[in-house]
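Enquirer: Full structure from sequences and hints, please.
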Amino acid sequence: MMVMTLLKPDNTVEQQSKPRLEQDYVQLPKSYFSHIDPEAMDNARLVSVNRALMKQLNCDLNDDDLLDLLSGHLQRVDANPLAQKYVGHQFGVYNPDLGDGRGMLLGQWRDSHAQAWDFHLKGAGRTPYSRRGDGRAVLRSTIREYLASEALFGLGVPTTRGLAIATSDEAVRREVMEPRATLIRVSHTHIRFGHFQFAASKGAAHMETLLNFVVQKHYPEHEQDSLEQKAWAVLYQACIKTAKLLAKWQTVGFNHGVMNTDNMSIIGETFDFGPFAFFDDFKIDFICNHSDYEGRYAYNQQAQIALWNCKVLASCFEGLLTEEQAQQAMDDFVQTYNRAYLEDMNQKLGLASVQTGDKELIGDLLVLMDQFQVDYSLFFRRLAKWQTDNESELFELIHPDKLPTGFQQWFEKFQARVEQESVEMSSWRERILKANPSIVLRNYIAQQIIEKAEKGDYKMLNEWLVALQNPFDDHPSLADFQQPPRPYQKGMQLSCSS
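So that you can map any letter, position 345 of the sequence shown is 348 in my numbering, and since no number is skipped, the others follow by simple counting.
Since the hints were derived computationally from the structure, they do not count as laboratory data.
Think of the CB as a built atom: it goes at the ideal place given N, C-alpha and C, for glycine as much as any other residue.
Incorrect hints may have been included.
Stated by the list, open to error - DSS-like cross-link-like pairs, simulated, lysine-lysine; straight-line CA separation at most 30 Å:
{"id": "1", "residue 1": "K388", "residue 2": "K437"}
{"id": "2", "residue 1": "K405", "residue 2": "K351"}
{"id": "3", "residue 1": "K205", "residue 2": "K244"}
{"id": "4", "residue 1": "K351", "residue 2": "K455"}
{"id": "5", "residue 1": "K416", "residue 2": "K362"}
{"id": "6", "residue 1": "K286", "residue 2": "K437"}
{"id": "7", "residue 1": "K244", "residue 2": "K362"}
To be verified - Estimated spans, in silico, between C-beta atoms of each pair:
{"id": "8", "residue 1": "F375", "residue 2": "A174", "range": "41 to 49 Å"}
{"id": "9", "residue 1": "D404", "residue 2": "D63", "range": "54 to 62 Å"}
{"id": "10", "residue 1": "V337", "residue 2": "D476", "range": "34 to 42 Å"}
Expert: Given below as structure tokens:
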């Protein structure tokens, strides 16, 4: 167990050669942010460090430096923290009072390729945008985001990631008293759809400044373009990347839970983990957020909501783009999503090409999986056992005694489709195993990790962090978690404090 404690700051810390985070967000007008220091977390101790991400970023901060950032003392690392201002639609209702209510953008770290990465401190304390909240985070929520983002990354889904977690003895009230914690989130950007909604509300000059900022950071090939061309580039890329992101979510069985416009990244990364869930049994209309009473963000609504959010983004560029251009971006979203989803689902089925009838084949399978409550991830992983001596391990997921007629018919059609691939069955099985993970971050597993961590035992947390980075490996040490969960472990819904 890793334990490192940071006492109250020592003002005698040497100032020379301190690591430094840049802060490019100050290029925007002052109305877009507030300079504010974190509310320090005294007697902080490290819970986990994402060593793989540290290596990827070529980040040479040591554990003392990370703890300094996580605790909000900022004595060892030179940072210029700020809380961002934005607006957004929450559950379809416009809210002008949004912003970083419990987080702060510490600045940017540059890797060995001069790529800038945002370091964002979640749980940093109250800001001007906290809206009567305490600005804290708890160990439960930080662990969930830390592991979920790494799970998606391991599955090849664009996402923000977690660099490190710290906790302390400070108690925070949610439903009950819980230990305070902080998380450093890493992303290419923290610009949201809601930032463009805010710019649109402030006028043309603000929109021009924000467009120039985003283009300079992410689409420098368009820096010399007209403002109208920049608006098109940003909207088009946001639509295309979001469509591909949603296809990935749907394919891996990920449910986001709070797809508000302020939770949508302008560059199509998974952003702001609150209530979320990877499937246990497949349920087409599954709702993972127990506050989502109308099912706005249900699994089968995610792509439509993403398109709705893109329409909101397009409305921000009124005067810069025509209605025809906005509609073209939406059409491109739909076409991109449909194509990407079909390709991604075919990969899960071990199919290398897309053929006529594949859409119906997939649709029929999902209807059957929903009808018979089939475990989503295990079905596709165990599909590699089909037509082997161990195929009963696949069929028992569907029915303990006899394969239902609908599934018998589906497998007959599927066999004919696999034969069209003209591939050896051994190679087909390799495709299945490379496209479907052996381990999935089910909510009951995350809950076990959290309960151990709250008692100071971080072993399971760090084991799963590493395992989720390579989810397609066999992981025999985690065999107990590769079985269907018990009924009481399934379908866990979470709250927004999760």
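Enquirer: Against the range 54 to 62 Å, how does the distance between the Cβ atoms of D404 and D63 compare: consistent or not?
Expert: holds, 59 Å
Enquirer: Is the Cα-Cα distance between K405 and K351 30 Å or less?
Expert: holds, 24 Å
Enquirer: Can the restraint linking K416 and K362 be considered satisfied, given a maximum Cα separation of 30 Å?
Expert: Holds. K416 to K362 sits at ~13 Å (cutoff 30 Å).
Enquirer: Check the hint pairing K351 with K455 against an upper bound of 30 Å on the C-alpha distance.
Expert: violated, 33 Å
Enquirer: Assess, step by step, whether the Cα of K205 is no farther than 30 Å from the Cα of K244, and give holds or violated.
Expert: holds, 26 Å
Enquirer: Regarding F375 and A174, is the given constraint of 41 to 49 Å on their beta-carbon distance met?
Expert: Because 45 Å falls inside the window, the suggested range holds.
Enquirer: Sort out whether K437 lies within 30 Å of K286, counting only the CA atoms.
Expert: Measuring from Cα to Cα gives roughly 24 Å; hence the hint holds.
Enquirer: For the pair supplied as a hint, K244 and K362, confirm whether the alpha-carbon distance does not exceed 30 Å.
Expert: holds, 22 Å
Enquirer: Note whether the CB distance of V337 and D476 lies within 34 to 42 Å or breaks it.
Expert: holds, 36 Å
Enquirer: Is it true that the CA of K388 sits at most 30 Å from the CA of K437?
Expert: holds, 14 Å
Of the hints listed earlier, the one the structure fails to meet is number 4.
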